[in-house]
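In order, the protein sequence lines correspond to chains A and B.
Quick note on the working numbering: the first sequence kicks off at 1 and runs consecutively.
Quick note on the working numbering: the second sequence kicks off at 1 and runs consecutively.
Simulated from the structure, these hints should not be mistaken for laboratory data.
Small disclaimer: the values here were computed from a predicted structure and weren't measured.
Yeah, the Cβ is synthetic: ideal placement off N, Cα and C, and Gly gets one too.
Incorrect hints may appear among the rest.
As the list claims (entries may be wrong) - List time: in silico DSSO-like cross-link candidates among lysine-lysine, alpha-carbon distance up to 27 Å:
| id | chain 1 | residue 1 | chain 2 | residue 2 |
| --- | --- | --- | --- | --- |
| 1 | B | K59 | B | K107 |
| 2 | A | K3 | A | K82 |
| 3 | B | K59 | B | K88 |
| 4 | B | K101 | B | K415 |
| 5 | A | K369 | A | K89 |
| 6 | B | K59 | A | K286 |
| 7 | A | K40 | B | K330 |
| 8 | B | K101 | B | K83 |
| 9 | A | K3 | A | K40 |
| 10 | B | K268 | A | K40 |
| 11 | B | K107 | B | K83 |
| 12 | B | K286 | B | K88 |
| 13 | A | K3 | B | K91 |
| 14 | A | K286 | B | K91 |
| 15 | B | K140 | B | K101 |
Stated by the list, open to error - According to the in silico footprint, chain B covers these stretches of chain A (three or more CB under 8 Å from chain B):
| id | region |
| --- | --- |
| 16 | 74-83 |
| 17 | 95-106 |
| 18 | 183-190 |
| 19 | 211-224 |
| 20 | 277-285 |
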Amino acid sequence: MRKALEDIKIADFTWYVAGPFCTRYLADYGAQIIKVESSKVLDGVRPYPPYKDDIPGVNRGGYFHNYNSNKLGVTLNLRHPKGLEIARKIIMWSDVVAESFSPGIMNSLGLGYDDIKQMKPEIIMISLSSKGQTGPQARLPAVGLHLAALSGFINLTGWPERDPSLLYGAYTDSIAGRYGVAAVMVALAQRQRTGKGQYIDLSQSEAGLQFLIPPLLDYAANGRVLNRDGNRHPAAAPHGAYRCQGEDCWCAIAVFTEEEWMALRRVMGHPSWAGYPRFATLAGRKRNEDELNRLVEQWTANHTAEEVMRLLQEAGVSAGVLEKAEDLHRDPQLAARHHFWTVKHEEIGDSTYDGMGSILSQTPAELNKAAPVLGQDNLQVYTQILGLSEAEFIDLIQQGVFE
Amino acid sequence: MSDCLLAPFRVLDLTDEKGFLCGRVLGDFGADVIKIEPPGGDPGRAVGPFYHDMSHPEKSLYWIAYNCNKRGITLDIRVAEGKDIFKKLVKSADFVIESFKPGQMAKLGLVYENLRQINPGIIMTSITSFGQAGPWKDYKGSDIALWALSSYMYVTGDEDRPPVCPSFPQAFLHAGLEAASASLVALHHRLLTGEGQWVDVSAQDALAIVNLQNQQYWNLARFNPKRAGSSQMLSGVRWSRQKRLWRCRDGFVIFIISSGHMGAPGNKALTEWMAGEGLAPEFMQKINWETFDPQGQELTDEQYRGMMVAISGFFERHTKAELYAGAVQKRIVLYPCNTTEDLMHDAQLQARNFWTDMLHTQLGGTLTYPRPCVAFSEAPCDIRRRAPLIGEHNEEVYVGELGLSKEDLGRLREKRAI
């Protein structure tokens, strides 16, 4: 079976998460990726936990693994003149160059878009930077948590009378990564039509803001500044996470309509409090929400979260177990969609990776190569793909070009 | 807009608020997106907030936000006449996007197989909470339930309270964006082979990867990360509870004590800035930041705690704007926790011309929008048209493009097909 992107080659200079997420996505649909790394300046998430068996190591971190599977990994010293020559060869091999350094770095290496389009006019280049290529704050580095704060998400998470809560990991990275996929695909479609390449400037923080347009319009039109509000929703009650049987076990419940409220009452066995006039309407339930939540929790506390979810969903009420990391691995729905892939990694053995979220009927995604250990594919890439002789390869190793 | 990248491609957008963003993204890239609403208007028009707080189908800011760059027609695909017109439209379309419950399109005889017979190149994209198959396919997926089932919610919030999710719904935006990306992958395949396909998007599936590494903690270390408020819990490191959010005089900032190329220059600059105000302890000024490893043995527990207290004290004396301005100037990797109001005044966004005004005659004013996040060197990617009014482009599409007469239109209106 043909893979959707099997004709596409990508020179991947990205690091951290947003860029690697983007190229990993393309790799899952068959694009060939050469990920260029340096053993002197590591990809920032390589040394990051979680580690296999809690033992730290540059090849042992699952954060790096999750976004670099299906790629060929090479090490290359871009500070060495011959390293730059090799980088240009990788670019000549590719259809798309992806990078996520601070703005200006690729230019300073002589690998900016203006340089590479001289070599290859039809090249497509995408930069996924934290705040775009231009502007007074463009060059201050950031990781995803910083950008989640900058673009407003942290302020919108947590309890109104308390400090905000962190959003785990790097919230805007997957948003930017997916926008990056869409942008690259659009540029490829254009190239197919016109033969022309182009440059794409993608700002990760601006990508995040696409997910907050209604509150931004609300401020622009109404002067209202949206604030965090725990788990409350203006059009639903009950709405929240409710404690269930077991240690720190919870189930989310969301009741929007009258029909759903009646169904919840039925599933709870019609407790007398649920018939109180103050809970009869959504407005009444919103006014008495703290009390309502306590009473609902008296019911949920006697059931497991799985039971609460099943009973409510079967009655037509939206509910979901607050899955822990462990629970994801036995989630029957994710399993039915083949969300997880287990492949053998060079250093840590069998390991499980996330898939990306869609099933394409004719060209499904496939994950068949674990993330590379540092420099894993040097020999293959430099001799077989770029065509260096064995003697040249060894000579360049000795000169430190592949560090 | 023939210079737009996706200008040759047409999208029929049947989604409600679960799928708006997919068509919006394709529209941003220049595709001709026709939003098909049931007669009377899309249910997503009832989603707030509303312009001047007036609950009205033409004033939903949610609708307005995610349906610009689309044209709008009304069509009831459940009645025979409406279905016929839809099939005619499919002939000239490249994408059909829908977010009905699984099985709904089958009841109408409009599954991928049916559409493919009309147009073999069609790409049909279905966006649902849990996907088209599997034991939970018919379950209801609200934003909060999907956050819960993606494992993101369990790791978010204060330890002494229930876990939380963001106070603005996100799950179906991830699903919509995933749908746009996957549909464009399908387009590449079609341009080379002529073959269309069915793209099955699950919001739970799309969201499960957004927390990026949670499942890896279980996979590699049999550890379940837990919520820790303004800190992050790590495993396999010396200080497993790492403070990341700090109070300042008028709000909050994010600062991660890190090492290497990301941390060293900023840690040094922050220490000097603190010392300038007499707030850096002796031991902090003696740290060699070039080699400092926050997980290493340079500091005693007491010193580590002392450093945190000193940094807290310094931040609390300054506003987030002062701290961010200093951070940009001194290259300290510190960022403010912005509100929507702060964002409208952000210097970087202003310098990049991120905001644009669009006239809304029927609202009697202009609205300030954020622009798309992607800039292409060879083509515009901007907001070209505001979200359509109910049935705004019926005549343009049905008479101007499908070749129906005005009498046909009247007849269809009577049958409530449009």
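Could you check the structure against the hints above and give me the numbers of any it violates, in ascending order? Hints 1, 2, 3, 9, 12, 14, 16, 17 and 20 are the ones this structure does not satisfy, whereas the remaining hints hold.
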